[in-house]
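Construct the entire structure; sequences and hints are all you get.
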Amino acid sequence: MSGMTVVHGTSDPAGPSGGGGCGPRLKHSDGPWLRAAGGAEELVTHLGPVRHDLASAHGGLRAGAGRLTALAELAAVRESWERRIQAAQGECGSLAGKLREVARIQGATDEAARSSLAAVAPCKGDER
Amino acid sequence: MTPTLTWAQLRDLKCAELEGAADGWGRSSNRADAARDRIEQQLLTGLRDTQEGEAAQAAVARLRQLGRNFQYVYTECGLLRTTLNSLAHEVKTQQRVLKEALDDAAALKFTVHADGSVTYPAGGEGLIDGAPLWGGTASSSGAPGLLPPSGLVAPNPHAARAQDIADRVTGAVRAAAEIDWRYAGILRRLRAEEGLKVPDSTWKDAAGDAAEVRDAAGAYLKDAIPHDASPAERRDWWAGLTQEQREEYLAVYPDQIGNLDGIPALVRDAANRDNLQLLIGKLEGRDDEKSVTQLAGLREIDRQLGAAAKPGEPPMFLLGVSDEGNGRAIVSYGNPDTAKNVAAYVPGLNTSLDEDFAKNDLKRALDTAKGARYHDPSSAAVAWLGYDAPQAIDGLSSLAVAGDGRAVEGGRRLSEFTAGLSATNENDDLHLTAIGHSYGSRTVGAATQQGSGIPGVDDIVLVGSPGVGVDHAEDLGVGKGHVFVGAAENDVVTILPSKQQAAAGVAGSLFGPFAYVAGDLADQGDDDLWFGRDPASESFGAKRFRVDDGPGLVGGAGPSIAAHSQYFDPKRDAASAHNISLISAGRSDKINTQEYR
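Chain order of the listed sequences is S and D. Each residue of the first sequence is one higher than the one before, counting from 0 in numbering that gives the first Met the number 0. Each residue of the second sequence is one higher than the one before, counting from 0 in numbering that gives the first Met the number 0.
Each hint should be verified, as a subset may be incorrect.
Calculated pairs, SDA-like style, for lysine to any residue (alpha carbon to alpha carbon, straight line, at most 20 Å) [as the list claims (entries may be wrong)]: (1) S:K97 to D:R37; (2) D:K196 to S:G92; (3) D:K98 to S:R66; (4) D:K289 to D:E299.
If we take Cβ atoms under 7 Å as the criterion, some of the chain S residues that face chain D in the derived model are [stated by the list, open to error]: (5) T68; (6) A74; (7) V76.
Pairwise CB distance ranges, derived in the manner of DEER restraints [as the list claims (entries may be wrong)]: (8) D:A306 to S:R82: 27 to 35 Å; (9) S:G58 to D:A121: 45 to 53 Å; (10) D:E193 to S:A54: 17 to 25 Å; (11) S:G59 to D:Q449: 29 to 37 Å; (12) D:N426 to S:R50: 44 to 52 Å; (13) D:L107 to S:H51: 34 to 42 Å; (14) D:G134 to S:R50: 55 to 63 Å; (15) S:R50 to D:K570: 51 to 59 Å; (16) S:A54 to D:H226: 37 to 45 Å; (17) S:H51 to D:N426: 40 to 48 Å; (18) S:G59 to D:T110: 28 to 36 Å; (19) S:H51 to D:G404: 58 to 66 Å; (20) S:H51 to D:A121: 55 to 63 Å.
It should be emphasised that the hints constitute simulated quantities derived from the structure, not laboratory data. Just so you know, even glycine gets a beta-carbon here, dropped at the ideal spot from N, CA and C.
This is the structure we're talking about:
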């Protein structure tokens, strides 16, 4: 589906309880979610070459400058950053999946909500 | 130390390999920077601007954290790049020393042994028989130069040369070992912290890392940042650097590049967004009043930078930030390098880097930018807190204490800033307006009195002014018709008495600052204010534009401080805000005027 849909209350089961109020506002459309998911996936690809690039950049060091103790430190430093960047890459992948999931769930919720929308009172300020 | 390093190993070290590794870190740093950029420009913008609800909030929070993570990776990998380049640079210096010593040895046909000792052949003449003296071996056991060759002990002339070579060889190896040891320590502290989060404590460490790398890399990057040059020369210096050099300066000296007039606005903004995080990390956890106050201001600026610009509002550029003095922050709404009209607002009395500045003074620049863009879309406005304004801790009488000093120093810095704007702006016919509010108008006045006047400025706006230090508009150097004054009838600051009047009346000490005002009101017809002639007077000769009278004291008539604070506010003083916008947009022919005092 596409286009903006505004739903209140019913589509947000995690919202705070308590009657009467509007609950947290919910305003979504799946385009931005899917675009963000696509962007996060691109970041996974974007970060892909880092490990290999760093490895090849350090390739000559052992032979060429291996006598420096600084290089022993550098090896540990490189490992720590590879782990950090890999963790970030993992987060991008995980986020991409979750963003897609939100788009999917909210799309389904919209379908369900559409039929009951008439029964939902609009929040103040949203009446047109 | 590395006792195992020999001169042969030092000679054979391939520093190009170190530089190759440095390039690898540079590429990683750039990749992280691009990732952060994409998160902020695309992913975050799309969700934040169009989606509401808890899922969206959670997604935005995670993306924001990821963005900060990439900023941290960018910063630290950039430091690693410079660390390795600097290590290579220093090792190469010692390699050169070594090579010269080895070349000398070869030319003299001396032998340099693995342990650094140098064997020399027989030579010279014996004192008794004139036969050549025995050769021998010189070694450097102590610091170079501590064992001067003695003519009695070693009359063979080769001995002294051999000793010198041995000292140089050993000195180079020792220096290289010390360099190695020092950089090993720096590298150890540049290890990544585990995980994804970047808490303030990590930024604090990152600030320490940058300082350490900067200390170490002093010889490598040299002190090439041209602080003493003009802003135009600095612009040319930056333009002449390679991309790699720029990246290294940004990684190691973000605070200097970010606050340097003459550096392009986009570069300053990028550097200062890093500086902001580093400063927040530095001040976080401190409990002295100044740190707490500045931290609140920095956090508010950070919040605004992170929030999306509202539709139709100009984007925000952080042109300066620092914890120097009472704090510094320079924020532009709209790109000051591409805008045809740029206005710089100089705040005054009682301004410092705090939450109030971050909210209200920035809003004055934003309101001015929005107003000016209505008349000419190619307009930007800057809030310039680039100096220590006087703090009115004890009421308006603080002006007496403040005197001209802050304005003169601030004026010098303001001149440099406007020269920088002129240097980096891409338009041939940039229209530049300096707006001084309160004591800031005195600062603008001081800027005009240095050298050949305030650089690049076409129009000057003075609002809520206690005087500007000169008695005639034409003395400001931009032409009488280009000086504009807004003075609310109820603005207490614009009717402060002159120093002579204040000195004449001891009432000031009895009734506080407002007694000065009472004294002045009793002495109508005098055009002098605290810092010289009232700019709103006819004899001053500026154009007085219409402003609201402002609220009187406690709702009634009479001077008030509230009337001093609304010149920029399009809601509370629409006439004044409108006129300021017109002047800023280069449409001063359209302003509404007001009669002189």
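Self-check item: Contradicted hints - numbers only
Solution: 6, 11, 13
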